[in-house]
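Protein chains: 2
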Amino acid sequence: MSFPKQVRIVEVGPRDGLQNEPGPIIPTETKVELINRLAAAGVRHIEAASFVSPKWVPQMGDAAAVMAGINRQPGVTYSALTPNLKGIEGAIAAKASEVAVFSAASEAFTQKNINCTIAESLERFVPVIEQAQQAGIRVRGYVSTVLGCPYTGDIAPEQVAAVSRELLDMGCYEISLGDTIGKGTPLKAKKMLEAVARQIPMEKLAAHFHDTYGQALANLYAVLEEGVAVIDSSTAGLGGCPYARGASGNVATEDVLYLLEGLEIETGINLQSVVDTGHWITRELGRHNGSKVAQALGECSQ
Amino acid sequence: MSFPKQVRIVEVGPRDGLQNEPGPIIPTETKVELINRLAAAGVRHIEAASFVSPKWVPQMGDAAAVMAGINRQPGVTYSALTPNLKGIEGAIAAKASEVAVFSAASEAFTQKNINCTIAESLERFVPVIEQAQQAGIRVRGYVSTVLGCPYTGDIAPEQVAAVSRELLDMGCYEISLGDTIGKGTPLKAKKMLEAVARQIPMEKLAAHFHDTYGQALANLYAVLEEGVAVIDSSTAGLGGCPYARGASGNVATEDVLYLLEGLEIETGINLQSVVDTGHWITRELGRHNGSKVAQALGECSQ
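Residue numbers (this note's numbering), protein chains in the order written: chain A, 1311 to 1612; chain B, 1311 to 1612.
Hints listed in this document are in silico derivations from the structure and should not be mistaken for laboratory results. One thing to keep in mind: the hints can contain errors.
[Unchecked claim] The list that follows gives simulated cross-link-like pairs (lysine-lysine, DSS-like), each with its CA atoms no further than 25 angstroms apart:
#	chain 1	residue 1	chain 2	residue 2
1	B	1396	A	1500
2	A	1501	B	1500
3	A	1500	B	1500
4	A	1315	B	1500
5	A	1405	A	1365
6	A	1501	B	1315
7	A	1500	B	1501
8	A	1315	B	1501
9	A	1514	A	1405
Fair warning: this is a prediction, and the values are worked out from it, not measured in the lab.
Between the sequences and the hints, there should be enough to build the whole structure, so can you do that?
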């Protein structure tokens, strides 16, 4: 066991959290305020927007306006998801500090989700990554379904390792390993991570675990033991995977921070400020706060 | 790391889960059906009732009727909480297979909760345990607030160890370590357990963790790594501690079973049957199902 001394939280609430939010389009100023509040709480890496067709993801249709509206803080990374060339052009124009591309470890998931093979999905990202690099922007790679596929079940750890390695070789500086449907358990998470870590140094790996089956914190604890030092999470547990049955999706940032504080791992983030931000945004959206820590601590009145 | 091959689940839903349920008194036949369904699902240890004054805990006022109504299965332990001599007499008359007594690791909690010192609370149990032993009934000991007190905060692991040791010396065959307010995190849980395990063999210890801060499964994973092989949990996450802010209390049996299945640890319990039981009882009570696994898996229609 060798827990990292510090963990970098990648807050995905403004993008992964809001993109599937049902109901009316969330106002740009609400998204901007969410991002500004998170930065003020000490979050240093925020996935702020997705430059994707508003036909497909209406909630992200104002990506450029969101990026323009943020009160940028020094030392904070404001990243954007860029699924294609149009996306990377938009993200560069909007001065994203970093962009992200995504594939999956499951062929069936990739087919149903973006209608191509994994290899084809990776090929499409070659020019995207090239453009980003020409603009001097770092690219993060996401791999979905690393602990299970909604269509085919189990995923071989070696398959996760292979896709991750390809994204790294294509130029991604970090690979975020996504348990998209939240079906993983600690042993499975460890075995998957060990297979990937044989291909990629641990410091280039991030854990992006969903809490659909309530296992996310246990799984994070297991991979922290292995030395993972980057964790994706979403304030108030915003978001979720439309492919996974059940209400919950992303693990809540507040619950992760509470876990990390108990492990004496530094994040530089003020837990109560994130709790307050989570209460504020869930009130704004009229939705349930998915963080147990937020419910237990309540909102600070000051 | 040495995970146990088998874990015994102590299902506390019918007692710890229902005792503080607000609203009308739950019918005896509902409690009996819950217990019978759990036994049919393969649960081998069920805390079925509390022989306590109905003035204090109205929901447990029908303890004798519940114990009489159960369709007893061979190999299943039906235990009852017995806070005093009147309680143990009632439990013996009702043919409880086992009884339980409880103290706490926090002086402040014991004072506010039962208006005496820890030493006095233990003294009161001497004749209770004696009577149980004379009747040939095993006694389980609960220690509350092992990972934090709602009034005084942190609790020294040595204090937990000392109280646990006293209960063992008084005749308890097993000590259940309760994180009553759910504030623990894995490192804290490990340190507490290690202190207790220096006084008591690991096979006589059980983990009774609440999920108020969402940490219960991570904490359970951490103590499973240490070799704990008995876990208290509550179907659908029924119950909770009235002293802890926030909605959730007991960790859900379904979520624990899912974790254990992933760790390839046997329990002899059918997960889907417990999921179905949880959906049934929460419908009966008109309350939220606190198990994420139950929400994700849904109810089996057959």
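A quick look at each hint next to the structure:
no. : hint            : result
1   : 1396/B / 1500/A : 51 angstroms, violated
2   : 1501/A / 1500/B : 23 angstroms, holds
3   : 1500/A / 1500/B : 20 angstroms, holds
4   : 1315/A / 1500/B : 18 angstroms, holds
5   : 1405/A / 1365/A : 23 angstroms, holds
6   : 1501/A / 1315/B : 19 angstroms, holds
7   : 1500/A / 1501/B : 23 angstroms, holds
8   : 1315/A / 1501/B : 19 angstroms, holds
9   : 1514/A / 1405/A : 24 angstroms, holds
The earlier numbered hint that this structure contradicts is number 1, and it is the only one.
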